[in-house]
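So the chains spell out like this:
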Amino acid sequence: MRKQKDKLYRTLLWGSAFLTVAILVMIVGYIFFKGYRLISFDFIFGDYSPAGGGGIWPMIITTIYTIVISLLIATPIGICAAVYMQEYAKQGRLVNLIRFATESLTGIPSIIYGLFGAVFFVTTLKLGMSIIAASLTLTIIVLPVIIRTTEESLKTVPHSYREGSLALGTTKLQTLYKVILPSAMPGILSGIILSIGRIVGESAAIFLTAGTVAAMPSSIFSSARTLTVHSFLVTQESGDIELASAVGIVLIVIILVLNLSATFISKKLNKADF
Amino acid sequence: MNTNGIKVRMNNSTLVQEPNKEVKISVRDLDLFYGEKQALYSISLDIHENEVTALIGPSGCGKSTFLRTLNRMNDLIDGVKITGNIMIDQEDIYKSTDVINLRTKVGMVFQKANLFPMSIYDNVAYGPRMQGIKNKQELNEIVESSLRGAAIWDEVKDRLKHSALGLSGGQQQRICIARAIAMKPDIILMDEPTSALDPISTLKVEELIEKMKKDYTIVIVTHNMQQAARVSDKTAFFLSGEVVEYDVTGKIFSMPSDQRTEDYITGRFG
Chain A
129 MRKQKDKLYR
139 TLLWGSAFLT
149 VAILVMIVGY
159 IFFKGYRLIS
169 FDFIFGDYSP
179 AGGGGIWPMI
189 ITTIYTIVIS
199 LLIATPIGIC
209 AAVYMQEYAK
219 QGRLVNLIRF
229 ATESLTGIPS
239 IIYGLFGAVF
249 FVTTLKLGMS
259 IIAASLTLTI
269 IVLPVIIRTT
279 EESLKTVPHS
289 YREGSLALGT
299 TKLQTLYKVI
309 LPSAMPGILS
319 GIILSIGRIV
329 GESAAIFLTA
339 GTVAAMPSSI
349 FSSARTLTVH
359 SFLVTQESGD
369 IELASAVGIV
379 LIVIILVLNL
389 SATFISKKLN
399 KADF
Chain B
40 MNTNGIKVRM
50 NNSTLVQEPN
60 KEVKISVRDL
70 DLFYGEKQAL
80 YSISLDIHEN
90 EVTALIGPSG
100 CGKSTFLRTL
110 NRMNDLIDGV
120 KITGNIMIDQ
130 EDIYKSTDVI
140 NLRTKVGMVF
150 QKANLFPMSI
160 YDNVAYGPRM
170 QGIKNKQELN
180 EIVESSLRGA
190 AIWDEVKDRL
200 KHSALGLSGG
210 QQQRICIARA
220 IAMKPDIILM
230 DEPTSALDPI
240 STLKVEELIE
250 KMKKDYTIVI
260 VTHNMQQAAR
270 VSDKTAFFLS
280 GEVVEYDVTG
290 KIFSMPSDQR
300 TEDYITGRFG
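Order-wise, the sequence lines are chains A and B. Residue 394 in the working numbering sits at position 266 of the first sequence; the count goes up by one each step and never skips. Residue 46 in the working numbering sits at position 7 of the second sequence; the count goes up by one each step and never skips.
Simulated from the structure, these hints should not be mistaken for lab results. Just so you know, even glycine gets a beta-carbon here, dropped at the ideal spot from N, CA and C. Check the hints yourself; a few may be wrong.
[Stated by the list, open to error] One-sided excerpt, in silico: chain A residues whose CB lies under 10 Å from chain B:
#1 Gly-292
#2 Ala-295
#3 Thr-299
#4 Val-307
With these hints in hand, go ahead and build the complete structure from the sequences.
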């Protein structure tokens with residue numbers, strides 16, 4: 129009887145794991161088979177033509193712009209905030225309140241952020257529908273993610289490292305830069321990877337702040353269209369699932385490359401012979 | 040007086056044998072509170088230069104807490120309050136000395152080896168580098184002499200660039216000692232440095248302590264009474280936050296003047 133129960137649970141656990149993988153394979157497979165015929169050099173590196181048949185190079189560039197700008201702003205702010213809360217601030221009500229606030233921020237649907245961005249960055253700050261307005265909005269979206277993961281990874285740095293360093297007559301700042309942050313780096317990087325995922329995957333907030341102009345952006349103040357927004361609009365306007373899937377393939381490849389390179393960097397850092 | 044004191048000793052070995060060594064650390068009426076809870080009760084004792092002073096006593100008696108007041112590591116804990124004073128070389132370390140300078144002068148070795156995830160070389164060179172020493176030649180010399188001072192140079196000289204975390208526990212602890220020596224401190228505090236080590240590594244560390252006392256003043260917390268008897272010149276017996284007895288080690292272990300000390304060292308409690 130107990131053995132059967134054991135077997136049953138094992139099957140259930142295995143089933144859940146299998147289901148997860150199966151769903152992933154199915155989605156990726158579906159998108160791939162729907163879209164792979166459109167993938168070509170011209171499709172990826174060609175300029176967009178409104179008449180149809182053009183490439184998606186402007187959208188790839190716009191996507192990369194939003195990733196880079198958002199991370200450039202969010203990463204330093206996020207890391208500093210986490211370091212402050214974890215290493216400097218006196219643990220108490222205020223810090224707990226900030227922590228609660230950041231946690232709540234992660235749960236808010238992105239369309240709300242998009243509306244805020246449309247009102248504040250686009251209208252009040254007069255940035256207009258632009259890559260910069262979208263990037264600032266995305267910064268707010270990923271900031272809690274970076275703060276949370278950085279804080280968690282700072283928590284895993286052994287207290288003995290801090291003691292060991294301070295006992296050698298170092299300042300708190302030296303200890304932070306030379307011992308604590310390097311040890312927390314893998315965790316911080318995984319937060320950045322998660323953020324990239326959120327940025328690339330975001331469509332609603334970008335749609336409301338960067339607009340949908342399907343052309344090569346001339347600067348970060350131009351309105352432009354990211355890959356996800358493109359994918360959405362293509363499906364919406366022409367119902368062209370094949371084209372949307374091809375865009376999806378490009379997106380998946382971009383995320384995969386970014387993730388693998390981040391993992392690679394994190395492994396390099398983790399080898400610890402710095 | 041202490042700065043040239045070291046030089047004199049190095050040149051004149053007869054002085055090392057002097058029984059009346061100078062007072063290096065002088066503690067008077069030290070009380071320590073963790074928030075409301077008092078952990079140390081009016082501790083007063085003198086620690087002499089170039090001696091090994093052992094602090095013994097049951098768990099929670101305050102010996103580690105006391106040790107950590109000497110390099111102000113307790114400052115890291117929120118809500119610690121200290122009254123009374125601790126003078127090192129006639130300077131009150133809680134009033135006139137800057138904590139960074141204090142910790143370069145008073146090194147510390149912890150219970151568990153806490154090497155950083157860096158190479159052996161970088162671990163030992165860490166402190167000097169943070170002091171602003173950049174010259175490669177100078178760093179090489181410091182690293183070598185520190186590792187020699189910790190009696191581990193021959194074991195690691197061929198793999199200085201390898202991760203320090205690949206070494207055995209005993210080796211790691213001796214690298215920790217080398218890391219402390221690299222700061223050229225006057226005093227080295229050791230908080231149960233061998234409690235996580237096997238007997239052979241323990242023996243090596245004890246031999247090292249014996250050798251080191253000609254250059255440093257050593258204060259060691261230990262759970263192991265044989266260890267205190269083996270390595271120390273003076274022993275202080277702590278109980279419930281008070282120093283019950285402080286005397287020459289031989290006397291503490293052969294004819295303690297307090298009944299509680301006798302009970303503890305004969306294993307009746309603790």
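Quick rundown of the hints versus the structure:
no.: 1; hint: Gly-292; result: 4 Å, holds
no.: 2; hint: Ala-295; result: 4 Å, holds
no.: 3; hint: Thr-299; result: 6 Å, holds
no.: 4; hint: Val-307; result: 6 Å, holds
Comparing the model with each numbered hint stated earlier shows that all of them hold.
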